[in-house]
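For the protein sequence lines, the chains are C and A, in the order given.
Sequential numbering from 13 applies to the first sequence in this note's numbering.
Sequential numbering from 145 applies to the second sequence in this note's numbering.
It is worth saying that the hints were derived from the structure and are not from the lab.
Ideal placement from N, C-alpha and C gives every residue a C-beta, glycine not left out.
It cannot be assumed that every hint is accurate.
As the list claims (entries may be wrong) - Pair ranges (Cβ atoms, derived):
1. C:59 with A:151: 42 to 48 Å
2. C:127 with A:254: 30 to 36 Å
3. A:166 with C:52: 20 to 26 Å
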Amino acid sequence: AQTVTQSQPEMSVQEAETVTLSCTYDTSESDYYLFWYKQPPSRQMILVIRQEAYKQQNATENRFSVNFQKAAKSFSLKISDSQLGDAAMYFCAYIAGGTSYGKLTFGQGTILTVHP
Amino acid sequence: DGGITQSPKYLFRKEGQNVTLSCEQNLNHDAMYWYRQDPGQGLRLIYYSQIVNDFQKGDIAEGYSVSREKKESFPLTVTSAQKNPTAFYLCASSGSFRQPQHFGDGTRLSIL
């Protein structure tokens, strides 16, 4: 079974600084997708960034980027120039193709605090 | 605006009662999903549906039931067999497994 592990229950960062959230996953699949979702206090789940496993290039969305290490099964999220609005719970998630259609597996989450 | 609407926002269940959570989407997505989130935890998949009139059990389906009679709608019933229903429930949809899932705002279910 696929598993997703976020080893940092909580992280903090100063406003305008950079922070990296860690995620590792376990799978025997070759075709899969990885995501980072943000859940602010409103509890809404917001997609931050996605990475296709077949792409070697790391995904980037404005201040958010990932470091995807396929061999190490690692998928970390880097937030640059942190803003107060970035404070939230961040979830790493994995989905495989084929018969695993629809089964998005989430990590336990990392609470990010941003200090002014 | 396209999106996913969950209702109600808050729901209370009495002992022995079944309750139904509503999820409607106007994104024209084929796939829909129900997740449960317990405090401080990640999301766990309850049920998912790829097409109308078809659905599959997720990791924690016991005590829950769903139906998919229309593409836009995927209601979740929490039955009296679910002994610990207090949680935050999120509905999601996607065009295909390669596309990200879009989430509703959730329903918080509590026991009276």
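Here is how each hint holds up against the structure:
no., hint, in the structure
1, C:59 with A:151: 42 to 48 Å, "violated, 22 Å"
2, C:127 with A:254: 30 to 36 Å, "holds, 33 Å"
3, A:166 with C:52: 20 to 26 Å, "holds, 23 Å"
Hint violations for this structure: number 1 only, all remaining hints satisfied.
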